[in-house]
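Colleague: Chain residues, written in single-letter form:
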Amino acid sequence: MSILANKDTRVVIQGGAAGVNAARRMAEFCYLIKRPLTVEAFVYPPDAGKTNEVPYGSGLIAIPIYKTIAEATKNHPAINTSLVYIGADRAMKGGMEALDDPNIKVVSMITEGVPEKDAKLLGAHARKLGKVFNGPSSIGIISAGACRLGVIGGAFDNLVLSKLYREGSFGVITKSGGLSNEIIWICSQFADGITTAIGIGGDAYPGTDYVSYLEMFENDPQTKAVVIVGEMGGDLEERAAEWYGAKKRRVKLIGVVSGFCQESLPKGMKFGHAGAKEGMKGEGSARSKSDALKKSGAIVPPTFGALGPAIKEAYQELLKSGQVKEPVEPAVLPKLPKSVEEAMKADEVMVAPLIRTTISDDRGDEPCYDGYPASELINKGYEIPHVIGLLWDKRLISKQEAEIIKRIMMLSADHGPCVSGAYATILAACAGIGLSQAVAAGLIMIGPRFGGAVTDAGRWFKYAVDNKMTVDEFLAYMKKNVGPVPGIGHRVKSLRNPDKRVKELVGYVKSLNIKTPCLDFALAVEQVTAVKKDNLILNVDGTMAAVLVDLGFPVDSLNGFFILSRTIGLIGHWVDQKRQDSRLIRLFDYLVNYAAPKRREVPPLK
Amino acid sequence: MAKVLEGPGMGLMKKWGIHVPNYVVVTSADELTKLGQANDWMKTSKLVAKAHEALGSRFKLGLVKVGLDLNAAVAATKEMIGRQVGSITVSQVIVSEMVPHKEEYYCAVKSTREGSEILVANCGGIEVESNWDRVKRLCLEVGQSPSSAQLEKLSKDAGFTGPLAKKMADFAGKMFTCFDSEDAQYLEVNPVVTRESDGELVALDAVTLLDGDAKFRHPDWNFAFAAEFGRSYSKDEMEVMAVDSKIKGSVKFIEIPGGDTAMLPAGGGASVYYSDAVVARGGKLANYAEYSGDPPDWAVEVLTEKVCSLPGIKNIIVGGAIANFTDVKKTFGGIINGFRKAKGDGKLKGVKIWVRRGGPREKEGLDAMRALKDEGFDINVFDRNTPLTDIVDKALQK
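Same order as they appear, the protein sequences are chains P and F. If you use our numbering, the first sequence closes out at 606, no skipped numbers anywhere. If you use our numbering, the second sequence closes out at 1004, no skipped numbers anywhere.
Be a bit skeptical, because a hint or two may be false.
A partial selection of chain F residues facing chain P, derived with a Cβ cut-off under 10 Å [stated by the list, open to error]:
id	residue
1	Lys854
2	Tyr894
3	Thr995
In case anyone wonders, no lab produced these hints; they're calculated from the structure. The C-beta atom is built at its ideal place from N, Cα and C for all residues, glycine as well.
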């Protein structure tokens, strides 16, 4: 047996994230004692109609969220308990709503900082209705082997260590949440564990006090002794002492009180819980409480440390008198399933990875590119081209190579608004399309006819050089197998009107003392083709391609240099249009050659 | 519980129809001179000047001056502003009119478990303290307001007769309305006096304690709460309070000058047991501190730095019960960072650190603490198998 929370308890949780976390903890306990999840519903208006997923064992249970308590209890008539996890400013309204529901008999509130008046009104309302209002500031209620309300009891390992999977003989009432766990642990180590432990909250006026719960424990035959952990302030401990001393009680009462330090501290100093404040004339002091408990016949160990041995002594007496028997521990207890991560850490499972990466790792405190931490690269003077080298070719390129890449990017960053890519981005920007989509529209244009010839040019120049072809052999091969030579030819530029970008790049690369077999070959090709036709010159794509192949970049990465550089321009065009607040544009009729059939009659549908 | 100084306290009473003397709160003598030109009562009445700070025994300290004319009040203000009393610098002076009167009475409303209690006595000032049996009470359930019949009976029981009985009943009724509407926890007027000019009851001195938790529904509480222990908060205390107001969970820090045992325990309940254990062992607390409710690690780090900065400490008690949901590894991470920073700043020389804790990820957290030994910290780490306050016994063993 137990009090307040038992095997028939079914719960609605009022509140958001903190409530869901409590439900998770409660599910762990249900799993430990092999019972279905006690939480049947949430009430949280912002998410009404959705569900919260609560892990149970290795599965997930979807718990519905309602707008009101009434809806929750209508759909889940077994609900008889509510846990309140809502903010202090709305806690009273939520608590009242729960108390007013005919199905709900127990309301426990974890909210801290609830105004005193609100707490008193809730307590008074509950008493009037013959219900229990526990809290505010309550960590929860737990009945060993039966039911957990809230996060009381702590992590799964602690539930097991504190033997909360089966009933003991000790009731626990504390104001402090942390100490409730401590006492549960002590009861499991020095005695046979607990029946029910209740956190009543550390406020000045808890909704339900020691006396009401002592009365319940007195009527619970399984509970043989009750441990209360008090603190200075208020008169709850004195009232408990009064109750205990009033007549012969079946349960033993063991109590400790904190706050003796106040005798030697600055007067008026506030510490501990909200309710821990000494009244005028020494009433509510730790000493007066401790003395009252002693006088009533309760066992009052001198310090918290002496509590364990006192509980042990009480337990031994209970054993000797035959009131309790040594508990039988279950042979096997369920183990909380580990997450995949935890199991891997413990070398218990092997997982076949879904993807494989060889370039970067973000699992530390910063990303590493090919093993090098980004901040270290920055601080040692490396630049964007080096990052490109690491991520595209997995190597740390030289200063000279980086300079070439930088120049390539600067030369191809933009080429005015009229080219396909920029025009597509501008068109999209004018239609009010967002940055990433508009830039993507421009990037989509990059292909065989616009900017996308770098890879192909590199591939064939490399093919020729690798196979030691002559220019003539190469041109014949291309004519026969491929078609026009990628990287050769320009729409407007010619020998007489050369592309300045090509001149610049070739001039720079040739000024360096490096071997450039591909570039040399490409220039030789130009010598031949340009004679045939004036505009069959080595274009900027072909030049970039040849240089990058000479630097050792993989052929498949070459288009990337154009895509990356041109993205700078595309973003610029989008921002430019946005800044001007450009209007939607459309083609003018006169820019279209309407070659469609003349207007004619639609024949009847057959 | 939040204490409110006289000025705003009287403001709240006035709001609910209780007669209070005319008063002004000033921060300089010049301000008072200007106000004196604008307000007739300051020229025609005798005045009282009091330091408007959370100080006890102001009379003895010479921070209350009575029977002044305006010039004398300005002089008194000039003298009081800037005076240093302990850690408090007087920055405000309240100047009010003296109310000539013969009789003094007493009225208070206080919070009780059931609701509230109205207290009335037909003596006041220091007389009521030595004649506490003359105080009569009316107990009210929460949500219940006193009827005029109840109030009149209370007034008569306290010995008021004739028209005064009715007046006192009205006064007590207004006190209750103020108490109830303003989420007060304690309101006391001592003395209540009969103003000779019009025969009305006037509140001469007010003690006002409000429920700080109810601030969210009182947008007109535009005043600061006063420290409750006769000194102002220190810089470090205020910094921790500022952190506390920003975070989920809580961090608390109060300095106790002269102590040598620093406290850094977890939990509002356990922290007091730790303090008790230090006192019981004959130790001297250097502070009170507490963190709970799974606060972020950086908040615990700030708290740790403040604890490590306490002068003359020999031991630091990093105690705690078995946590329900406070992540031990995370919060200890904050403490460890704080320790490292303090050590880097040359603090913690010869200071012994004592740790005891349980709860979610206790093993990882305790292991991380143990590892501090390798960094040269004098640290002793215990788990849940060592009873809660045993680390205090070990720390203070002579």
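Colleague: Compare the structure with each hint and give your call.
Modeller: Evaluation of the provided hints:
{"no.": "1", "hint": "Lys854", "in the structure": "9 Å, holds"}
{"no.": "2", "hint": "Tyr894", "in the structure": "5 Å, holds"}
{"no.": "3", "hint": "Thr995", "in the structure": "5 Å, holds"}
Checked against the numbered hints above, the structure violates none of them.
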